[in-house]
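Asker: Residue numbers (full-length UniProt numbering), protein chains in the order written: chain A, 1 to 481; chain B, 1 to 481.
Be careful, since some hints might not be right.
[Unchecked claim] A short, non-exhaustive set of chain A residues, derived as facing chain B with CB atoms under 8 angstroms:
| hint | residue |
| --- | --- |
| 1 | Glu-17 |
| 2 | Pro-18 |
| 3 | Arg-312 |
[Stated by the list, open to error] Per label pair, the in silico range of CB-to-CB distance:
| hint | chain 1 | residue 1 | chain 2 | residue 2 | range |
| --- | --- | --- | --- | --- | --- |
| 4 | A | Gln-371 | B | Glu-370 | 21 to 29 angstroms |
| 5 | A | Leu-74 | B | Glu-17 | 26 to 34 angstroms |
| 6 | A | Glu-36 | B | Thr-205 | 47 to 55 angstroms |
[Said to hold, decoys possible] Once the Cα atoms are required to be at most 25 angstroms apart in a straight line, the calculated SDA-like pairs of lysine to any residue come out as:
| hint | chain 1 | residue 1 | chain 2 | residue 2 |
| --- | --- | --- | --- | --- |
| 7 | B | Lys-87 | B | Gln-25 |
| 8 | A | Lys-339 | B | Pro-3 |
| 9 | A | Lys-333 | B | Pro-3 |
For the record, the hints were derived by calculation from the structure and aren't laboratory data. Being a predicted model, the structure only gives us computed values, none of them experimental. We put the beta carbon where it would ideally sit given N, CA and C, even for glycine.
Protein chains: 2
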Amino acid sequence: MAPQLQEYYKTVDSLAEPFIERLRQAVAIPSISADEARRQDVVKMGMFLKEQLESLGAHVEARPLGKQPHKEHLELPPAIVGRYPAKKDESKRTILVYGHYDVQPADLSDGWATEPFKLSVDDKGRMYGRGSTDDKGPVLGWVNVIESHQKAGIDFPVNLLMCFEGMEEYGSEGLDDFIMAECKPGKFFAEADAVCISDNYWLGTEKPCLTYGLRGCSYYSIEVSGPGQDLHSGVFGGTAQEPMTDLVRVMSSLVDTDGNIQIQGIKELVAPLTKEEESLYQDIAFTMDNLYESLGSKTGIFPDKERTLMGRWRYPSLSLHGVEGAFSQPGAKTVIPAKVTGKFSIRTVPDMEPPEVDKLVYTHCEKVFEQLNSKNTMKVYLQHAGKWWVASPKHWNFTAAAKAVEDVWHVKPDLTREGGSIPVTLTFEQATGKNVLLLPMGSSTDAAHSINEKLDRRNYIEGIKLLGAYLHYVAEEPMEG
Amino acid sequence: MAPQLQEYYKTVDSLAEPFIERLRQAVAIPSISADEARRQDVVKMGMFLKEQLESLGAHVEARPLGKQPHKEHLELPPAIVGRYPAKKDESKRTILVYGHYDVQPADLSDGWATEPFKLSVDDKGRMYGRGSTDDKGPVLGWVNVIESHQKAGIDFPVNLLMCFEGMEEYGSEGLDDFIMAECKPGKFFAEADAVCISDNYWLGTEKPCLTYGLRGCSYYSIEVSGPGQDLHSGVFGGTAQEPMTDLVRVMSSLVDTDGNIQIQGIKELVAPLTKEEESLYQDIAFTMDNLYESLGSKTGIFPDKERTLMGRWRYPSLSLHGVEGAFSQPGAKTVIPAKVTGKFSIRTVPDMEPPEVDKLVYTHCEKVFEQLNSKNTMKVYLQHAGKWWVASPKHWNFTAAAKAVEDVWHVKPDLTREGGSIPVTLTFEQATGKNVLLLPMGSSTDAAHSINEKLDRRNYIEGIKLLGAYLHYVAEEPMEG
C-alpha cells in the first residue's frame with residue numbers, strides 16, 4: 001500500500017519560510033575547507049548542524065578525524081555523525097545518508113552578483129549563496145525532514161544514520177578510513193541497509209533523476225628530461241634533442257580530435273553496449289542545446305544526444321590537461337625547457353580495471369617514445385586512480401526513490417550516470433556492501449563550484465518532500481527488488 | 001707597417017690594479033634594468049661612466065630616451081654617447097663602439113657564492129660579480145684604452161664614437177630609433193667608418209674569436225580555442241572536442257627529435273653550404289665535450305663538432321617553448337582548458353626572409369589543423385621577428401681585428417657565428433651602412449646571465465690591450481680589404 005504523505009507535504013509547505021531561514025543561517029557561515037584561515041568557520045558550521053539535529057532529539061557526535069596531512073598544526077574538521085530516532089527501532093530499516101557541510105571558496109570580487117555568504121532570494125525564487133546547493137541545502141534537507149515529521153505528528157519511517165563531513169571540497173581528507181572503520185560490526189554505521197547520497201544534480205532543469213553510475217579517473221604524468229638545466233634556444237637550438245619535442249609527440253599519440261583513445265587495448269576493456277542499455281538513452285531529458293549551452297560553443301563531438309550521453313557516461317575519455325615545466329606565461333621566452341611533464345587522465349568505465357589501464361598506458365607511451373629514437377629520458381607514472389562505480393537501478397533502494405519522485409514531481413525520474421567521480425560513493429559501497437543511491441536535489445544550472453551558486457526554492461522545498469517520501473517508500477519496498 | 005704597441009701594452013699591465021678598481025666601482029652599482037626599484041642605480045651607473053670618460057677629456061652626453069613603454073611613470077635611463085678625442089681629427093678614421101651599462105638581476109639568495117654586487121677576485125684571477133663580463137668589463141675596457149694611451153703618451157689612432165645604453169637586458173627599449181636618428185647625416189654617429197661591439201663571448205676558454213654572424217629569431221603562437229570556458233573533464237570528456245588535443249597535434253608536426261624542421265619549404269630557403277665554408281668548421285676550437293658540459297648531458301643531436309657548429313650557426317632550428325592557458329602547476333587538475341596557446345620559435349639564417357618564413361609556418365599549421373577536421377578554432381601568428389645578420393669577415397674591420405688578436409694573444413682568432421641574436425648588431429649595420437664586428441672580451445665560462453658571473457683577470461687586461469690594438473690596426477688597414 002502506497003504511503004499517504006499529503007499531511008507531510010502540507011507541513012513541509014507550511015514550514016517553507018523557517019526552512020529557508022535555516023539555510024540562510026548555514027550559508028552565512030563561510031565554511032571554506034580549502035582556506036586554512038576559515039577552518040574555525042568550518043568547525044562552527046559542523047557545530048551548527050549538530051545543534052540543529054540535537055534540538056530535534058537526534059543523537060549526534062562530532063568525531064575528530066586527526067590532523068590534516070602535511071599540515072601538522074591544523075586539526076581536520078570533525079565528521080558529524082547522527083542517529084534519528086536517537087534509539088534504534090529494531091522493527092525498521094536503517095538508511096545511511098551522506099552530505100558535506102564545507103563549501104568551495106567564494107569572494108564577491110570573483111564576480112558574484114550578490115554577497116556569496118548572504119542568501120539572496122530573487123523574484124524567481126532563485127536562492128543565491130555559496131553552499132546553497134552544494135551541499136548545505138541537501139544536508140539541511142534531512143534536518144527539515146525530521147522536523148516536518150515531528151510537526152506533522154507522523155511516525156518516522158526508518159532509522160536514519162547520518163554522516164556529514166567538512167572536507168569534501170578539499171579531497172575528503174581522513175574520511176575514507178573513518179567510513180571503513182565505522183561500517184565494521186558494532187560500529188556507528190554497521191546496520192545500514194542502504195545508502196543515499198544527495199550531492200549531485202539533475203541533468204537539466206525540469207526533470208528529476210536518480211543516478212546509478214559514475215566514471216572513474218586514472219591520472220597520469222609523462223615526464224621527459226634531457227639537459228641538466230633549461231637552455232637558451234639561440235645557443236642550443238639545432239644541437240640538442242629537446243624534451244618538449246618528444247613530449248608533444250607522445251601526447252599527440254594518445255587521443256584524436258573526436259575523442260577516440262589511440263591506446264591499443266583500451267577499447268577492448270569496455271563492457272559492450274547491450275540493446276537494453278542502448279534503448280535507455282533516447283528517453284533521457286537532454287538535448288544538444290543543453291550541451292551547447294553548457295559548453296558555451298558548438299564544439300561537441302557527436303551530433304545526437306544518445307551518443308553524447310554515452311560519451312559522457314558509459315565510454316572512457318582521455319583529456320590532456322597541460323604541461324608542467326615548460327614556458328606557460330604570456331609573452332615570448334626563448335627557453336628550451338630541460339624537463340617537461342605532460343598531464344593527462346582517462347575517465348574509466350565498466351569493466352576497465354585500473355591496473356590493466358595503467359599497463360596499457362605505459363606500454364603505449366614507451367612504444368611511441370622508443371620510435372622517436374631519442375636520447376632523452378621518459379618516465380610515465382600514475383598520479384592517482386579512482387575507480388568507476390555502477391549500482392543496480394533495479395534495487396529496492398532505487399525503485400523506492402523512483403516512486404517517491406513520481407509522488408512528489410508527478411513524473412518518472414531519469415536514470416542517469418555521471419561522467420565525473422564522487423569517490424565517497426564507492427567507499428560507502430565497499431564499506432557497507434549495500435546499494436548506494438545518488439538522489440540529487442539541485443538542477444544543472446546551480447553553478448555548484450562557480451560564481452553565483454544557487455538553489456531554486458522549488459528544488460529545496462520539493463526536495464525536502466522527496467527526501468522524506470523516499471524514506472517512507474524505502475521502508476515499505478519489498479527487499480527482493 | 002705594423003703598429004708598435006709594446007709601450008701601450010706595458011702601460012696597460014702597469015695600470016692593471018686601477019683598472020680592476022674601476023671595474024669594482026662599477027660592479028658595486030646594482031644597475032638592474034628589469035627592476036623598477038633599481039632605476040636610479042641604472043642612471044647612477046650611466047653618470048659614473050660619463051664622469052670617467054669626461055675626466056679623461058672625452059666629450060660625453062647623456063641623451064634622454066623618453067618614458068618606458070607601458071610604464072608612463074618611469075623614465076628610461078639615458079644613452080651615454082661620447083667622442084674621443086673631444087674634437088674630431090679629420091685625418092683619422094672614425095670607429096663607433098657599443099656596450100651596455102645595465103645588468104641582469106642578481107641576489108645572493110639565488111645561489112651566488114659571493115655578494116653579486118661586490119667584485120671578488122679569487123686566487124685563479126676569476127673576478128666574480130654581476131656585470132663583470134656582461135657588459136661592464138668591456139665597456140670600461142674602452143675607458144681604460146683611452147687612459148692607457150694618455151699615460152703612455154701615445155697618440156690616439158682613431159676618432160672613437162661611443163654608444164653605451166642602460167636597457168640592454170630589458171629589450172633595449174628606445175634604442176633602435178635613437179641609433180637610426182643619430183646615424184643620419186650631421187648627427188652624432190654620422191661619420192662612423194666601421195662599428196665594433198664587445199658584448200659576446202669566446203666559443204671556449206682558451207682561444208679568442210671574432211664573430212661575423214648571428215641567427216635571427218621568429219617567434220610564433222598557435223592559439224586553439226573552442227568552449228566558452230574551462231571545462232571539467234569528468235562532465236565533458238568524451239563529448240567535446242578539446243583544444244589541447246588539437247594543439248599538441250599541430251605542435252608535434254613542426255619538428256622531429258633530431259631537430260629536422262617538418263615545415264615544407266623551410267629547408268629550401270637556407271643558403272647552400274659551399275666547400276669553402278664547410279672547410280672552416282674543423283679548425284674551430286670546440287669539442288663535443290664542450291657541448292656536453294654546457295648541456296649538462298649527452299643529449300646532443302650530432303656526434304661530431306662540425307655538424308654541431310653548423311646546427312648552431314648556419315642552419316635554422318625550431319624549439320617548442322611551452323603552452324599558455326593549460327594546467328602548468330604541480331599536482332593533478334582535471335581541467336579541459338578552453339583556450340590554449342602553444343609557443344615556438346624558429347632560429348633563422350641566410351637566406352631566410354622572415355615574411356617568407358611566416359607564410360610557410362601559417363600554411364603548414366593551417367594544413368595540419370584542417371586535416372584534424374576539428375570544430376575548434378586555430379589562429380597562428382607571429383609574436384616578433386628579428387632578422388639574422390652575417391658580415392663579411394674579409395672586410396678590413398675584421399682583418400684589422402684579427403691582426404690585433406695575433407699581436408696580443410699570439411694566435412689566429414677563430415671566426416665564429418652565434419646561434420642567438422644581438423638585435424642591436426643589425427640595427428647598427430642598417431643605420432650606418434658599415435661593417436660591424438663583434439669582438440668579445442670574456443670566455444664561454446663567464447656565466448653572463450647566471451649566478452656567479454665572472455670575468456677572468458687575464459681576459460680583462462689582455463682584452464684592454466686587444467681593444468687598443470684593434471684601434472691601431474683598424475687605423476692602418478687598407479680600406480679595400
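Asker: If a hint holds in the structure, say so; if it doesn't, say that too.
Answerer: Quick rundown of the hints versus the structure:
1. Glu-17: Violated, about 34 angstroms.
2. Pro-18: violated (35 angstroms)
3. Arg-312: Holds: closest Cβ of chain B sits about 5 angstroms from Arg-312 (chain A), inside 8 angstroms.
4. A:Gln-371 with B:Glu-370: 21 to 29 angstroms: At roughly 25 angstroms between Cβ atoms, Glu-370 (chain B) and Gln-371 (chain A) fall inside 21 to 29 angstroms, so the hint holds.
5. A:Leu-74 with B:Glu-17: 26 to 34 angstroms: Violated, since Leu-74 (chain A) and Glu-17 (chain B) (Cβ atoms, about 60 angstroms apart) do not stay within the stated range.
6. A:Glu-36 with B:Thr-205: 47 to 55 angstroms: holds (52 angstroms)
7. B:Lys-87 with B:Gln-25: Violated, at roughly 29 angstroms.
8. A:Lys-339 with B:Pro-3: It is violated: about 53 angstroms lies between the C-alpha atoms, which goes past 25 angstroms.
9. A:Lys-333 with B:Pro-3: violated (46 angstroms)
Violated hints, in rising order: 1, 2, 5, 7, 8 and 9; the structure is consistent with all others.
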